[in-house]
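Colleague: Here is how the chains run, residue by residue.
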Amino acid sequence: MATLELVDLAKRFSKKVWGVKKMDLEVNEKEFIVLLGPSGCGKTTTMRMIAGLEEVTRGTILLDGNDITDIPSRNRGISMVFQNYAIWPHMSVYENIAFSLKLKKMPAAEIKQRVQETADMVKIGELLKRLPGQLSGGQQQRVALARALAVRPRLFLMDEPLSNLDAKLRVIMRTELKAIHQKTEATSIFVTHDQSEAMSMADRIVIMKDGVIVQIGTPDDVYFRSANMFVAGFIGTPPSNFFTVKCIYNNDKIALEHSQFTLDLDPKGFEELKEYNGKEIVIGARPEDLLVVPDSEAVFTEEILVVEPQGSHQVVALNLSETIVKMIVSAEAKVKPGDNIGLNFNRKRLHFFNKETEDRIHLKNEVE
Amino acid sequence: MTITKSQLSLSRETRKKMVPYLLIAPVVIYYSMFWLFPVINAVSESFKNVDGVWTFSNYIHIFKDPVFYTALSNTAFLVIFSVTIEFLLAFGLALLINKKFKGSSIFLFLAMIPMALPAVAVGAMWSSGLATRGWLNSFLMTFGFIDDASKFLFLAGGKMSTLWLIIIIDAWTVIPFVMIILLAGLQGIGEDVREAGAIFGGTKFQILRKITIPMLKPTITTAMILRIISAIQIWLIIVMLFGFNRLPVLLEQVVLNYDQLGAEYFERIGLALSVLVAIIVSAAAILYLKVSGSFEKEEKENG
Ligand SMILES: Nc1ncnc2c1ncn2[C@@H]1O[C@H](COP(=O)(O)OP(=O)(O)O)[C@@H](O)[C@H]1O
Ligand SMILES: [Mg+2]
Chain A
1 MATLELVDLA KRFSKKVWGV KKMDLEVNEK EFIVLLGPSG CGKTTTMRMI
51 AGLEEVTRGT ILLDGNDITD IPSRNRGISM VFQNYAIWPH MSVYENIAFS
101 LKLKKMPAAE IKQRVQETAD MVKIGELLKR LPGQLSGGQQ QRVALARALA
151 VRPRLFLMDE PLSNLDAKLR VIMRTELKAI HQKTEATSIF VTHDQSEAMS
201 MADRIVIMKD GVIVQIGTPD DVYFRSANMF VAGFIGTPPS NFFTVKCIYN
251 NDKIALEHSQ FTLDLDPKGF EELKEYNGKE IVIGARPEDL LVVPDSEAVF
301 TEEILVVEPQ GSHQVVALNL SETIVKMIVS AEAKVKPGDN IGLNFNRKRL
351 HFFNKETEDR IHLKNEVE
Chain B
1 MTITKSQLSL SRETRKKMVP YLLIAPVVIY YSMFWLFPVI NAVSESFKNV
51 DGVWTFSNYI HIFKDPVFYT ALSNTAFLVI FSVTIEFLLA FGLALLINKK
101 FKGSSIFLFL AMIPMALPAV AVGAMWSSGL ATRGWLNSFL MTFGFIDDAS
151 KFLFLAGGKM STLWLIIIID AWTVIPFVMI ILLAGLQGIG EDVREAGAIF
201 GGTKFQILRK ITIPMLKPTI TTAMILRIIS AIQIWLIIVM LFGFNRLPVL
251 LEQVVLNYDQ LGAEYFERIG LALSVLVAII VSAAAILYLK VSGSFEKEEK
301 ENG
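Chains as they are written, first to last, in our numbering: chain A, 1 to 368; chain B, 1 to 303.
One or more of the hints may lead you astray.
Unchecked claim - Derived coverage of chain B by chain A (criterion: at least 3 residues anywhere in the stretch with Cβ under 8 Å from a Cβ of chain A; other residues may be distant): (1) 99-105; (2) 234-246.
As the list claims (entries may be wrong) - In silico DSS-like links for lysine-lysine, alpha-carbon gap of 30 Å or less: (3) A/Lys-279 <-> B/Lys-102; (4) A/Lys-102 <-> A/Lys-30; (5) B/Lys-99 <-> A/Lys-112; (6) A/Lys-355 <-> A/Lys-22; (7) A/Lys-15 <-> B/Lys-99; (8) B/Lys-102 <-> A/Lys-104; (9) A/Lys-209 <-> A/Lys-21; (10) B/Lys-99 <-> A/Lys-104; (11) A/Lys-102 <-> B/Lys-102; (12) B/Lys-210 <-> A/Lys-102; (13) B/Lys-102 <-> A/Lys-21.
FYI, nobody ran anything at the bench for these hints, they're computed from the structure. What you are looking at is a predicted structure, and each value in this text was computed from that prediction instead of being measured. Just so you know, even glycine gets a beta-carbon here, dropped at the ideal spot from N, CA and C.
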């Protein structure tokens with residue numbers, strides 16, 4: 001268990017290609033951190049630098065306060081689960097898990113016990129004699145996990161470990177991984193491009209884009225207080241809906257004018273919008289913050305384009321002036337394509353963004 | 001009673017099993033016609049004397065001839081040392097090039113040049129180079145390493161130095177070949193299993209020994225077998241440098257008897273010798289597979 005600190009970390013692969021432009025991050029003891037971002041944003045590069053597989057171009061990596069930037073991988077006290085497992089095909093499951101323990105010259109009896117213990121924890125205790133070639137993808141994944149856990153690492157790195165599993169197994173493994181983390185309490189960094197995986201597993205999520213961090217926060221932070229339009233659009237399924245509006249600020253009323261509707265707000269609690277008076281801003285509305293209401297209370301009415309049943313709820317898509325707007329309604333609601341429905345906004349939960357910078361316009365009393 | 005179609009024709013499964021045999025059939029037929037018949041013919045002729053009578057006399061002649069034993073031991077020496085040296089150097093180079101340093105592809109290209117040269121050209125190059133007035137001595141003199149009086153008599157040495165000269169030339173010729181095979185194998189292994197080795201506590205050497213080499217074993221076996229087989233058959237370069245009978249090796253004796261001595265009696269000796277060489281080559285290959293444990297693995301996988 002350890003703390004990790006990345007200070008001004010950067011990796012440049014060639015003149016024009018930066019893997020990571022700048023990373024500053026503090027990971028607390030026992031924390032489960034998820035690096036989240038679209039493909040190519042530098043998640044793997046960050047992991048590889050922490051693991052010592054990639055030389056850093058600039059910056060420092062501190063583990064428990066000690067500078068490990070130039071220490072070889074094998075001496076860092078780190079273990080890693082690779083995306084494509086990278087288990088050794090010529091070694092049995094037992095030998096794979098025991099590899100690092102043998103190199104550490106641990107007594108044979110202790111190795112045996114540790115291997116069995118770890119294998120049982122990830123439910124492959126029966127498979128120790130097998131070769132990896134005789135295992136399914138999910139079992140190989142567990143071998144990779146056991147190998148990484150057996151070391152009792154100070155820091156546990158996982159690079160998209162679940163992405164090669166089928167959807168069902170992926171959800172099962174999420175739960176298991178989280179349970180294992182609660183048991184071992186190893187400081188962990190988990191990489192994924194799947195936002196729902198990140199939301200369900202992380203203590204804190206680090207959202208990256210183009211080699212820089214765009215937001216660090218708890219799942220609630222990034223969901224309810226997205227730092228910019230990128231985060232609001234990346235987190236959540238379906239993602240946030242965006243509406244560009246003109247802000248007319250009067251002391252008794254704020255009018256947000258969209259080409260298709262006007263949304264009125266009570267200025268109380270939205271005082272920060274005053275400086276945008278007369279300017280365009282962007283409203284971000286999560287699909288569950290669009291409400292179906294009787295026409296008399298509606299901000300606008302629109303025809304339903306498609307309905308996507310999800311079992312626990314339904315996703316309704318509308319076509320509002322050539323942009324698809326998605327909202328969530330209850331499973332019981334009687335909605336069908338072609339129906340006209342009235343809509344209103346859950347005003348307390350709206351996000352506002354500066355149209356130029358795409359950054360969040362922070363309000364004083366944001367939802368906690 | 002009606003007979004269904006499936007009762008008449010072979011089951012789907014049987015048909016599926018036949019597919020590979022059907023696919024290799026043309027090759028088998030080709031080989032039997034152009035390879036198996038000549039081989040059977042050669043073998044049977046080697047057991048006949050000039051008058052066409054069945055006899056062991058050709059083989060008895062060989063086993064009584066001390067030159068045969070010299071050829072055998074020379075060949076064994078060449079095979080053991082040249083294959084070992086070639087493997088070690090080629091493996092080192094393959095590991096180096098696999099690192100993909102700047103200019104590694106140019107280096108790879110340069111290294112492949114010896115491979116592109118036909119054996120006769122290699123022989124000609126080295127025999128002109130190693131002659132007392134050859135380019136190697138001239139080169140050394142130009143740069144002042146030696147003077148006219150101390151020119152190397154490369155080709156006039158004793159048996160050991162001639163053997164080593166052949167080993168060096170052979171190594172120079174085939175290292176690129178072995179290296180390419182090993183490099184292909186290395187590139188097939190993938191970086192991640194080695195990186196995992198580094199993360200889980202391995203030093204460079206431990207990773208090489210416990211991960212890279214075991215995973216490369218099928219490739220190593222292929223390369224070694226190919227090299228052992230062709231090293232047993234070295235002859236042209238020896239004849240071009242030293243002529244016949246100066247440094248007897250197995251295949252050189254085959255060529256000498258079959259082609260050079262010009263009497264049917266010796267032709268049949270040559271045939272018998274070539275049968276022996278074929279047996280030795282097969283035996284060496286099987287022995288290597290046994291020692292390296294390749295058979296075991298196949299059993300394990302099938303069992
Ligand atoms: N070895 C490399 N050489 C050159 N460019 C690389 C290398 N590895 C990654 N990159 C580049 O660095 C960027 C970040 O890559 P990566 O960290 O793999 O992204 P992610 O894991 O988030 O998908 C990408 O633009 C990628 O093309
Ligand atoms: Mg990646």
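Colleague: Tell me the numbers of any earlier hints that the structure contravenes, in ascending order.
Modeller: Checked against the structure, the hints that fail are numbers 1, 2, 3, 5, 8 and 11, while the rest are satisfied.
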